[in-house]
Amino acid sequence: MTDLGDVRGDFPLLGRTFEGRPLVYLDSAATTQKPHRVIETIDRYYRELNANVHRGAYRLSAAATDAYEEARAKVARFIGAGSPEEVVFTRGATTALNHVAYGWGLHRLGSGDRILLTVMEHHSNIVPWQMVARLTGAELVYLDVDDEYRVDLSNLDELLDERVKIVSVSGMSNVTGALGPVAELAEAVADTEAVLVVDGAQLVPHAPVDVAALGADFLAFSGHKMLGPTGIGVLWGRPERLADLEPTEGGGEMIVDVTLTDAKWAPVPHRFEAGTPPIAQAIGLGAAVDYLEDLGMDAVRAHEEAITAYALDRLSEIPDLTVYGPRDVATRGGAVSFELGDIHAHDLATILDEHGVAVRAGHHCAKPLMRRLGAVATTRASFYVYNVAEDVDRLVEALWKAREVFGLD
Amino acid sequence: MTDLGDVRGDFPLLGRTFEGRPLVYLDSAATTQKPHRVIETIDRYYRELNANVHRGAYRLSAAATDAYEEARAKVARFIGAGSPEEVVFTRGATTALNHVAYGWGLHRLGSGDRILLTVMEHHSNIVPWQMVARLTGAELVYLDVDDEYRVDLSNLDELLDERVKIVSVSGMSNVTGALGPVAELAEAVADTEAVLVVDGAQLVPHAPVDVAALGADFLAFSGHKMLGPTGIGVLWGRPERLADLEPTEGGGEMIVDVTLTDAKWAPVPHRFEAGTPPIAQAIGLGAAVDYLEDLGMDAVRAHEEAITAYALDRLSEIPDLTVYGPRDVATRGGAVSFELGDIHAHDLATILDEHGVAVRAGHHCAKPLMRRLGAVATTRASFYVYNVAEDVDRLVEALWKAREVFGLD
Amino acid sequence: MADLDELYREIILDHYRNPRRRGTLHGPHVHAEGVNPSCGDEFALDLRIEDGVVTDVAIQGQGCSISQASGSMMAEAILGKEVPAVEDLMAKFRLMMGIDEGDSPIDPNRPGSVLGDLEALQGVRRFPVRIKCADLPWTTLADALAKAEAGT
Amino acid sequence: MADLDELYREIILDHYRNPRRRGTLHGPHVHAEGVNPSCGDEFALDLRIEDGVVTDVAIQGQGCSISQASGSMMAEAILGKEVPAVEDLMAKFRLMMGIDEGDSPIDPNRPGSVLGDLEALQGVRRFPVRIKCADLPWTTLADALAKAEAGT
Ligand SMILES: Cc1ncc(COP(=O)(O)O)c(C=O)c1O
Ligand SMILES: Cc1ncc(COP(=O)(O)O)c(C=O)c1O
Numbered sequence: 001m002t003d004l005g006d007v008r009g010d011f012p013l014l015g016r017t018f019e020g021r022p023l024v025y026l027d028s029a030a031t032t033q034k035p036h037r038v039i040e041t042i043d044r045y046y047r048e049l050n051a052n053v054h055r056g057a058y059r060l061s062a063a064a065t066d067a068y069e070e071a072r073a074k075v076a077r078f079i080g081a082g083s084p085e086e087v088v089f090t091r092g093a094t095t096a097l098n099h100v101a102y103g104w105g106l107h108r109l110g111s112g113d114r115i116l117l118t119v120m121e122h123h124s125n126i127v128p129w130q131m132v133a134r135l136t137g138a139e140l141v142y143l144d145v146d147d148e149y150r151v152d153l154s155n156l157d158e159l160l161d162e163r164v165k166i167v168s169v170s171g172m173s174n175v176t177g178a179l180g181p182v183a184e185l186a187e188a189v190a191d192t193e194a195v196l197v198v199d200g201a202q203l204v205p206h207a208p209v210d211v212a213a214l215g216a217d218f219l220a221f222s223g224h225k226m227l228g229p230t231g232i233g234v235l236w237g238r239p240e241r242l243a244d245l246e247p248t249e250g251g252g253e254m255i256v257d258v259t260l261t262d263a264k265w266a267p268v269p270h271r272f273e274a275g276t277p278p279i280a281q282a283i284g285l286g287a288a289v290d291y292l293e294d295l296g297m298d299a300v301r302a303h304e305e306a307i308t309a310y311a312l313d314r315l316s317e318i319p320d321l322t323v324y325g326p327r328d329v330a331t332r333g334g335a336v337s338f339e340l341g342d343i344h345a346h347d348l349a350t351i352l353d354e355h356g357v358a359v360r361a362g363h364h365c366a367k368p369l370m371r372r373l374g375a376v377a378t379t380r381a382s383f384y385v386y387n388v389a390e391d392v393d394r395l396v397e398a399l400w401k402a403r404e405v406f407g408l409d
Numbered sequence: 001m002t003d004l005g006d007v008r009g010d011f012p013l014l015g016r017t018f019e020g021r022p023l024v025y026l027d028s029a030a031t032t033q034k035p036h037r038v039i040e041t042i043d044r045y046y047r048e049l050n051a052n053v054h055r056g057a058y059r060l061s062a063a064a065t066d067a068y069e070e071a072r073a074k075v076a077r078f079i080g081a082g083s084p085e086e087v088v089f090t091r092g093a094t095t096a097l098n099h100v101a102y103g104w105g106l107h108r109l110g111s112g113d114r115i116l117l118t119v120m121e122h123h124s125n126i127v128p129w130q131m132v133a134r135l136t137g138a139e140l141v142y143l144d145v146d147d148e149y150r151v152d153l154s155n156l157d158e159l160l161d162e163r164v165k166i167v168s169v170s171g172m173s174n175v176t177g178a179l180g181p182v183a184e185l186a187e188a189v190a191d192t193e194a195v196l197v198v199d200g201a202q203l204v205p206h207a208p209v210d211v212a213a214l215g216a217d218f219l220a221f222s223g224h225k226m227l228g229p230t231g232i233g234v235l236w237g238r239p240e241r242l243a244d245l246e247p248t249e250g251g252g253e254m255i256v257d258v259t260l261t262d263a264k265w266a267p268v269p270h271r272f273e274a275g276t277p278p279i280a281q282a283i284g285l286g287a288a289v290d291y292l293e294d295l296g297m298d299a300v301r302a303h304e305e306a307i308t309a310y311a312l313d314r315l316s317e318i319p320d321l322t323v324y325g326p327r328d329v330a331t332r333g334g335a336v337s338f339e340l341g342d343i344h345a346h347d348l349a350t351i352l353d354e355h356g357v358a359v360r361a362g363h364h365c366a367k368p369l370m371r372r373l374g375a376v377a378t379t380r381a382s383f384y385v386y387n388v389a390e391d392v393d394r395l396v397e398a399l400w401k402a403r404e405v406f407g408l409d
Numbered sequence: 001m002a003d004l005d006e007l008y009r010e011i012i013l014d015h016y017r018n019p020r021r022r023g024t025l026h027g028p029h030v031h032a033e034g035v036n037p038s039c040g041d042e043f044a045l046d047l048r049i050e051d052g053v054v055t056d057v058a059i060q061g062q063g064c065s066i067s068q069a070s071g072s073m074m075a076e077a078i079l080g081k082e083v084p085a086v087e088d089l090m091a092k093f094r095l096m097m098g099i100d101e102g103d104s105p106i107d108p109n110r111p112g113s114v115l116g117d118l119e120a121l122q123g124v125r126r127f128p129v130r131i132k133c134a135d136l137p138w139t140t141l142a143d144a145l146a147k148a149e150a151g152t
Numbered sequence: 001m002a003d004l005d006e007l008y009r010e011i012i013l014d015h016y017r018n019p020r021r022r023g024t025l026h027g028p029h030v031h032a033e034g035v036n037p038s039c040g041d042e043f044a045l046d047l048r049i050e051d052g053v054v055t056d057v058a059i060q061g062q063g064c065s066i067s068q069a070s071g072s073m074m075a076e077a078i079l080g081k082e083v084p085a086v087e088d089l090m091a092k093f094r095l096m097m098g099i100d101e102g103d104s105p106i107d108p109n110r111p112g113s114v115l116g117d118l119e120a121l122q123g124v125r126r127f128p129v130r131i132k133c134a135d136l137p138w139t140t141l142a143d144a145l146a147k148a149e150a151g152t
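Protein chains in written order, with my numbering: chain S, 1 to 409; chain C, 1 to 409; chain P, 1 to 152; chain A, 1 to 152.
Careful, some of the hints might be misleading.
As the list claims (entries may be wrong) - Here are the simulated lysine to any residue pairs, SDA-like style, with alpha carbons at most 20 Å apart: (1) C:Lys-401 - A:Glu-6; (2) C:Lys-401 - C:Ala-389; (3) P:Lys-132 - C:Asp-257; (4) A:Lys-132 - S:Ala-266; (5) C:Lys-401 - A:Leu-13; (6) P:Lys-147 - P:Glu-87.
As the list claims (entries may be wrong) - Far from chain C, by Cβ distances over 12 Å, these chain A residues were calculated: (7) Arg-20; (8) Arg-21; (9) His-29; (10) Glu-50; (11) Thr-55; (12) Gly-80; (13) Val-83; (14) Pro-84; (15) Ile-99; (16) Val-114; (17) Asp-117; (18) Asp-143; (19) Glu-149.
In short, the hints are calculated from the structure, not lab data. It should be emphasised that the depicted structure is a prediction, and the values quoted were computed from it without experimental measurement. The beta carbon of each residue, even a glycine, is placed where N, CA and C say it ideally should be.
Construct all of the structure, not just a fragment, from the sequences and the given hints.
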């Protein structure tokens, strides 16, 4: 099934057992497990290197600064950025999206302007825009999804008029797994004044991403969904866009001068990193990037297509099971949402959990999409580099047990 | 000198040597070193407990959520909060202050309104207010410092008129070590409409703080300055103030419902924690709080007064050395800024570093204060629980060497 | 997986699939709504209290079997009871579920004698993440009672 | 602490304490300013170029001994030089400091023969955090030269 080799041993948590059975972790779309290399990098940082960055005039602080900036360079290389200065470290994808919403939208949008989203967005790519729309008088418009769970572009020409100043789309849905129409939107937006923001929270961990080819102006993603620590995320921006982005947080480190009445911003990217940054977390993310690069993102993607195909196949054996998402694995990632008969997602998750299978249940922070799909809550299994065919088998076995418990025949 | 016992062994980094000499770490006002307990708590989190919080319907996620919320409860207890719901986890003190500046100021201030600060503030307690003032038309006014480096309250009555809607003050200066006049301002503000914000980044780590007695409406501080990890901070607020604070970041987890056009906020404090929070970091901060409580904050403060007194005493032996800060240790903390003859702070820091003594040099993110003091850059030695008299002796020894290098006689 | 069988007893699935007293009330009543933000479960009820007695109740909502069955059983259990008896029931339920601290009021020798069908929810105690599901209708009921009291 | 003595040579402290060519220019000149955000060091210079020759230079600024001495030595070194010679000096300085990759141009057998007093800054190489201090005047100079060129 996989070209990745046996990587499970690299992930200490996957060695945990629940009541004698090894954990089957199928919630990587929420957060991934961490390899030894990442955990140890963080550990070593605190034991050997810990100091504040960009501040000290002593070697320890210089070494911490180098490590922090090296992590930025690693991330830049990982996504094909032209230079490390295009990479801003944030608390997570959500914060990165808010940076754009406030730093771009608040200062540029006005009444009559529009922000174009899709109904498949995560709350983190909806709510910040709603907040900024409310503050500026701008309006939100949405692209729909079609019966194949793909973003429906049939009325794009109509929606993408000169009022649209920002287009923001997910690179990959955390609910249906569907890839977002980034290339198509990039092409369409190129003829307009609008900037294209890509929510890469699911895309960047799961597929090779090259910002030079992506066509986006901004890209947001989270470390914890790609084997890195919590508390760190990235906002990438085209240099000319970052230069025009207003900082949304003020504080130390993001200025070159402060007087009682005024402040002069530091150069990009420091301008967007007010206060002491998440130092250990950035360095930990650097280690995660190293790990993923060693696996190779093409191999990561190939493994994901293979295990997703296997999962879709095996799930189709189960009566009354409805998958919400594209069938063609070339057009999707490894987040697989489904319903089983009249078993509520939460009941299903509990039953699976009793069988040592960890899945997520609920609205997956995508309530508008759930409403659009006509589902209140779904159960979601999501896969990553450490999942193997046996995990799928255990899931399927537990789903049959759930049918029994609920007396479905 | 100290009631703390020998805690140095608890801090792995302090065992590092530079060219054969143990490190003398005197930059704790920038960031502190971490005890084993904190490092291991983080390590264990990733190895045994890692899952996203508030989301999963499986035991691992429930356990992670419990640990995260338990950390909140620990922090609440540590500062005397009435309930864990008064504690918001942020990326750091800077983010916490921005939450108040934007979440309170942006929605309430207008042209003609005023924000009262002091000239001794850190950039993180100036720049956010400047940004919000610019967006709202409000104006900043400042309390000065006196010849003893204390905030000058002589014209407080005059400045604190009905136009002042927000007062924000540091609990302890990171440059001069001076305690801020929190009690006095709390009393003065009580008769007005203004809210009192306390920048506790230096105060909370170094002295017992009881928010029930503090008189503040909001309190901001950082984990990394109190033995905790980077990437985590706290905004405490009075319940009735938090209820009126607008969230400044939108995203997952901070809502109860989202439609295409609208969102309904989750209850406090989750409303202010958009997206996946810094889970491991919050839990690490909980371990730091445990460690500090075991030492006892009264003992921490007593140790700091003792070592600061010793340092001020020994520094007074050195000719041409000027200390910028109060002499009376009862009115100050352990951040000691000084200049030595015509040796620039950076040169001094380099020379000290060659002697294994890590200090900070520069403007300490407090340029307005530096200008007020007539200094461009100072050297700062700052002390914490693990510093001992011998660290001060090594500092003094190295300062004599610096005099030699620069040919001061 | 004995715990699972304890959790999903026949009677719970029955109430989940055939909720009792589902609908809305006309005429004078109070209405209260509850939502479990972490899972999205929703519960709402209309409550008519006349002369201190619950004379009618109707429930709405959607969610997992535990929350919906709990609500359905609750609706049946409170109908016709005087308010203090409803409050007593609520207190006993919270003790049984381990939400409030104290000894469980359930008599192990006489199943069903204290809380009737509701005792079937005891199995939820072994699933701490699900206790709030079972509790949702009851916090909503408390809300409705408070409204009713404030209205008189 | 031999490294420290190498860093703070007599001549560096002399330029720090008695900076040469400090002041401002009147008449036609270009002006450029540089700041080192991480430490706050500031450097600025006024540069007069006539017929491709640096005919006058004046410096301002404040900061550590390394940045200020580097600026003072630089000012002396470029005065009277033709622009290409200034650029050559700049390139050699950057090689000596290890800022640009390549062999150092300094002749170890004839100290002072290539860059004059500026060679005293070699000791900074052992202190990587301080290299940007030594470099600040030179990046400012590059800025000034660019302005001068754009102006013609
Ligand atoms: C007084 C004071 N306020 C605010 C801050 C900002 O804290 P952080 O950089 O952790 O956000 C600091 C620390 O740099 C500080 O010393
Ligand atoms: C598609 C998508 N966007 C944004 C986010 C937000 O990421 P985070 O919670 O790490 O900020 C997530 C993850 O929850 C996601 O799946």
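Query raised in the report: Among all the numbered hints in the text so far, which are the ones the structure does not match?
Result: Nothing - there is no hint that the structure violates, so all of them hold.
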